[in-house]
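Engineer: With the sequences and hints as input, model every part of the structure.
Residue-level listing of the chains:
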Amino acid sequence: MSAPTSPPRVRNVRDIFGAPLLLALLSAGGLLSALIGDGLWDVLSWFGLGIPVAVIFRFALWPCRR
Amino acid sequence: MLTTRKIRAWYFVHKWTSLVCTAFLLMLCVTGLPLVFHEEIDDLLKPQVQPAEMAPGTPKASLDQVVAVAKQVRPGEFIRFVFWDDDDPNAVFVTLVPRLDAPRDAGKFVKLDARTAAVLDQPEFGEGLTAFLLKLHTDMFLGLPGELFLGGMGLLLIAAIVSGVVLYGPFMRKLDFGTVRRDRARRVRWLDLHNLLGIVTVAWLAVVGTTGVVNTLALPILQAWRADALGGMIAAYKDKTPPAQLGSVDRALNSAQALAPGMAPQFIAYPGSLFSTAHHYAVFLHGATPLTERLLKPVLIDAETGTVSASRDMPWYVTTLLVSQPLHFGDYGGLPLKIVWALLDIVTIVVLGSGLYLWLKRRSSPLEARITALAADARLPHAPPRAAE
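If you're matching them up, the sequences are chains A and B in order. Mapped onto my numbering, the consecutive letters of the first sequence carry residue numbers 81 to 146. Mapped onto my numbering, the consecutive letters of the second sequence carry residue numbers 203 to 591.
Calculated from the structure, these hints are not laboratory results. In this text the structure is predicted, and so the values were computed from the model without any measurement. Just so you know, even glycine gets a beta-carbon here, dropped at the ideal spot from N, CA and C.
Partial pick of chain A residues on the chain B-facing surface, computed with a CB cut under 7 Å:
(1) P100
(2) L103
(3) A104
(4) L111
(5) A114
(6) G117
(7) D118
(8) D122
(9) V135
(10) I136
(11) F139
Pair by pair, the computed Cβ-Cβ distance ranges are:
(12) A/L112 with B/D307: 28 to 34 Å
(13) A/L112 with B/P291: 23 to 29 Å
(14) A/R94 with B/D515: 42 to 48 Å
Structural biologist: Spelled out as structure tokens, the structure:
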């Protein structure tokens with residue numbers, strides 16, 4: 081991203097809420113899909129809600145250096 | 203961008219709504235965690251007798267015969283409900299009560315084989331570990347007031363979620379998504395984790411919280427429906443004495459199903475139950491697809507003649523309750539969904555715990571200074587302080 085010597089970049093609303101919005105839409109899709117159908121729809125719900133959990137594990141357990 | 207004053211106001215909302223509800227939400231998360239797996243736990247602790255394997259297409263016994271056998275198990279008692287196992291169409295349950303006006307949770311259950319009308323089991327749904335946890339989770343053993351109180355805590359949770367999302371913006375002005383500052387003080391690290399875990403689970407928690415609040419209104423919703431849908435019927439039968447001898451329940455079921463072909467019965471409420479009048483069988487039908495199987499269509503059948511008295515689709519508020527239930531319980535997408543649900547529940551416990559920790563530690567660093575620093579951050583280049591107003 082930014083060069084190590086530059087001052088910290090100030091983020092705009094899209095930078096800040098982009099990823100959370102994407103994960104929220106994914107979660108909402110997961111919550112709905114298992115209501116709509118069985119089989120493949122259930123599998124979609126596991127991923128829709130499972131990916132946000134995986135994102136938490138990724139960032140909370142592994143340090144991310146930039 | 204938010205001004206210092208606005209940040210302070212949102213912070214005030216977040217702090218107080220969270221502080222008031224945190225203890226109760228921790229209780230709800232901790233009891234809710236095993237409840238996600240209540241079917242598995244019940245099967246493990248007290249497995250029910252299941253219907254035996256028989257040749258496919260074995261004809262069903264008449265429902266009249268099934269309920270007659272159930273009455274022999276508990277002689278002198280009254281039938282309140284007949285319902286079918288969601289997972290096994292060959293298992294049918296009969297709920298009996300000692301008196302028609304017995305409390306809601308006074309029912310005893312007899313499980314029978316729908317093909318042979320043989321008694322399989324007498325499961326004790328109201329007892330055991332999961333029943334205890336469920337009672338704690340829904341009303342803390344305080345009945346409707348406890349239930350409504352927890353609904354109020356749910357509303358505070360929703361306010362805490364909204365204010366938390368608003369505050370996430372200024373807190374993340376200088377950080378990339380997912381940053382956890384491990385090299386800084388412990389409180390900073392937990393603040394980052396609180397923000398990360400909170401914002402990633404926000405949609406799920408908002409849905410589980412909102413549907414939980416709707417579930418606390420189950421009894422008032424049911425009573426409103428009863429007054430709305432059954433009120434006219436009760437008035438029409440006001441001068442009649444309740445039937446001394448009930449007519450055939452098979453005939454009632456057939457009349458209902460003839461009205462809605464393609465729908466299957468989920469349960470039948472007997473005359474005198476909360477879901478019916480003193481003069482009617484209420485047959486509750488549901489659809490066959492995953493989307494329609496949770497939506498109920500009630501058909502009122504005159505208990506003496508077996509003819510249809512009325513059938514109206516459920517009003518919006520009952521449908522809202524019916525759809526809210528799976529979205530709160532997480533039991534509608536197989537075991538993997540339950541596991542993800544449990545993980546999200548654990549993440550929520552961490553968000554609640556870290557929030558409490560941050561508040562306790564906050565006392566050592568003057569709040570005013572922290573908020574001013576935060577607002578000063580917000581006034582860095584490209585963001586005139588009042589640009590967003």
